[in-house]
Amino acid sequence: MGSNTNTGDFLVLEIIVMIKQVPDSQEVVIDPVTFTLNRGAARNVINPADENAIEAALRIKDKTNAHVTVITMGPPFAESALIDCMSRGVDDAVLVTDRAFAGADTYPTGLTLASTIKKLGKYDIIFAGEESTDSSTGHVGPGVAEFLGTDQASYTSESWYEDGFVYAKRELEDGTEVVKMKPPTLITVLTNANDPRRATLRKKIDAMKKGIKTMTLADLGMPPEWVGLRGSPTVVKSMRTIDEKKREGKKFKIEEIPKLVDELIEKKIISI
Amino acid sequence: MSEFDVIVVGAGPAGASAAIKLAGSGSSVLLVERGDPPGSKNVSGGVLWGDSLGSVAPDWEKSAPMERYVEAKGVSFLTRDSKISIDFRSKKLQERRSGYTVLRTKLDGWLSKKAKDAGAMVASGITVDKLAFKDERVIGIEQDGDIITSDIVILAEGANPRVAINSGIRDRLKDRDVAIGVKEIIKLPEKTINERFNLTSSKMGFASEYVLGFLEGGVKAGGFIYTNKESISLGLVISMKEMRENNNTRSFDLIEQFKEHPYIAPLIEGGRVDEYSAHMVQEGGLKSVPQLYGNGFMVVGDGAGFSFSNGMVLQGMNYAIASGIAAAESAIKAKIKSNFTKDGLSSYEERLKSSFVLQDLMNFKGIEEVTWSDMIHRGIPNMTEELFLSLFSENGQPKAHMINLLIRAMGHSDVPRKDMVINMYRMLRRM
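From first to last, the protein sequence lines stand for chains A and B. Residues in the first sequence are numbered from 1 upward in steps of one, following the working numbering. Residues in the second sequence are numbered from 1 upward in steps of one, following the working numbering.
Since the hints were made in silico from the structure, they are not lab data. Given the structure is predicted, the values throughout are model-derived calculations rather than measurements. Glycine is no exception: its CB is placed at the ideal position from the N, C-alpha and C atoms. Hints are not guaranteed to be accurate.
To be verified - Computed list of chain A residues with no C-beta within reach of chain B, every gap over 12 Å:
1. Leu11
2. Asp98
3. Ala102
4. Asp105
5. Tyr107
6. His139
7. Lys209
8. Lys213
9. Pro233
10. Lys268
What the hints assert, rightly or not - No farther apart than 27 Å at their CA atoms in a straight line, the calculated lysine-lysine pairs in the DSSO-like style are these:
11. A/Lys119 with A/Lys245
12. B/Lys187 with B/Lys203
13. A/Lys209 with B/Lys187
14. A/Lys210 with B/Lys116
15. A/Lys245 with B/Lys187
Use the sequences and the hints to build the structure in full.
Rendered as structure tokens:
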């Protein structure tokens with residue numbers, strides 16, 4: 001259970017944001033032989049929805065006395081993503097990294113992050129991006145809420161904090177709903193929910209001077225069989241890539257647009 | 001008390017070299033770069049001529065991400081149907097040092113890492129707004145309303161010197177100062193590249209400049225092809241003036257025409273275009289060199305107009321590195337004397353004047369008038385094509401003397417004979 005069960009004013013609202021560093025989706029290709037993501041040349045970026053989660057946290061911090069910590073589980077080079085978050089206004093960053101975490105699916109990932117959050121101490125609101133662009137499961141955020149036993153609100157486009165309560169606007173298929181929750185709570189944020197602020201040089205300098213904190217399996221005190229590949233129930237049996245269809249290409253001059261329209265109608269691509 | 005001894009704006013070869021040198025000598029350095037990671041905003045071809053990296057990192061040959069050593073250097077004139085080339089290959093090039101083809105996304109990343117290792121703080125993904133002034137002295141930089149202070153700012157912004165312009169230390173760019181470079185990176189297997197360019201190994205490379213005398217509408221542009229390990233950098237440079245004078249010119253059309261040329265197409269056949277990019281290129285020569293230093297600042301690299309093209313070679317990175325090092329040395333000297341005024345930084349210009357950086361620009365003053373002349377782009381290609389057609393074909397007629405063939409060929413050049421002779425003399429003098 002979370003450490004805050006009381007309502008009312010907190011001295012400092014503790015906000016945690018969970019992020020993931022992903023290969024830039026526009027640069028990733030699937031290896032046609034091994035069926036794995038060829039991340040080789042792709043640069044690593046903050047998962048887009050996580051950028052929105054960071055912004056959601058910072059918007060609460062803009063109005064409330066809050067302290068924001070960003071956490072990620074990943075390889076050492078994920079440090080750059082954490083520094084990037086701090087350069088936008090996040091106060092502290094924790095990298096959870098250990099060889100033992102390698103190969104984790106969403107279950108041990110959620111468990112590891114939940115353990116990290118518990119270790120960090122007090123938490124009132126936890127933010128996460130809705131899903132990552134490299135695996136698109138959307139499991140980890142809700143998973144962490146389950147492991148911690150907190151309330152959760154998924155698919156949110158907006159959230160705010162008022163008089164001891166957390167409000168979140170959820171985008172549903174048939175409308176929107178606003179939920180009112182008592183902290184601690186976990187909120188997953190939709191991609192493009194907001195316009196993430198940019199890093200500033202002043203904050204970036206401060207971030208680089210301050211640096212990030214690192215936690216390992218030993219720091220979390222979790223049994224090794226709970227984490228990484230060993231702790232993962234998922235087995236990938238096979239994977240298929242879909243070949244791009246060769247498209248028929250044809251050039252038309254500006255004055256031939258009527259001809260183009262005729263042909264499109266004829267080929268039943270458009271209808272009038 | 002300033003936060004940093006030196007702030008360097010721009011992490012290309014010029015800025016990174018300055019930062020490495022300064023941090024290595026114990027100065028506190030902030031290197032700020034717009035691209036994230038460094039190199040991602042860059043388009044340069046390119047070939048790094050000479051061994052200027054040696055002055056930045058003595059062990060560079062072991063760790064720098066070079067693509068291929070330039071074993072073959074070409075200069076070609078293309079007409080619609082022909083290609084007239086000098087294809088210079090020599091085992092001696094290696095002894096004398098030519099250069100390496102490089103991919104700047106890799107090279108700039110390596111340089112930034114070196115700067116970081118030397119102790120510089122590297123902040124990428126940040127766009128600096130302008131210089132911060134106090135009492136007509138630069139006291140640092142301004143970004144998003146914050147002022148970050150330093151004793152000296154080194155501007156290494158590249159071909160698009162926004163900060164210098166926004167800070168009022170240089171004029172806006174004029175058409176004559178810039179050209180547009182467009183480039184594609186075309187993926188091909190290592191072995192295919194070796195075969196097509198007749199290279200002796202995968203370590204050896206080919207670099208060539210092309211006069212594109214066949215472009216539609218008579219547009220003047222200079223092309224280039226450089227071989228990387230597993231790709232080819234192909235592109236062209238067209239002057240802004242030329243773009244304006246040919247209203248319908250679109251750089252992507254020109255690059256297609258270049259790629260479709262009968263003697264270029266086979267070189268890239270089957271290749272996959274991996275990247276397509278365009279960027280400003282410094283063109284202006286000595287007359288485009290802005291104020292190089294002042295109270296608390298120095299300007300280096302492309303942003304200072306330090307690039308060179310004589311039609312045979314296109315160079316910029318070697319000037320960038322040399323000017324970056326010169327600025328770093330002047331900053332170190334200024335720090336010892338605690339004099340960061342214009343006077344305290346004046347050794348920068350002296351260093352440049354005594355090195356190839358400013359000497360080349362002075363010695364080849366006005367060369368751009370030759371490189372963009374009708375004679376280079378139409379006269380010589382057409383004339384040579386006609387001359388060689390006469391020499392290397394047989395039509396059953398009595399053979400004429402070379403000089404008569406030459407005079408006749410001049411008549412095919414689209415440029416009056418008298419202008420050809422005058423221009424050729426001028427060109428030889430300028431080169």
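Here is how each hint holds up against the structure:
no. : hint                   : in the structure
1   : Leu11                  : 29 Å, holds
2   : Asp98                  : 25 Å, holds
3   : Ala102                 : 24 Å, holds
4   : Asp105                 : 29 Å, holds
5   : Tyr107                 : 33 Å, holds
6   : His139                 : 29 Å, holds
7   : Lys209                 : 8 Å, violated
8   : Lys213                 : 19 Å, holds
9   : Pro233                 : 36 Å, holds
10  : Lys268                 : 32 Å, holds
11  : A/Lys119 with A/Lys245 : 51 Å, violated
12  : B/Lys187 with B/Lys203 : 17 Å, holds
13  : A/Lys209 with B/Lys187 : 41 Å, violated
14  : A/Lys210 with B/Lys116 : 16 Å, holds
15  : A/Lys245 with B/Lys187 : 22 Å, holds
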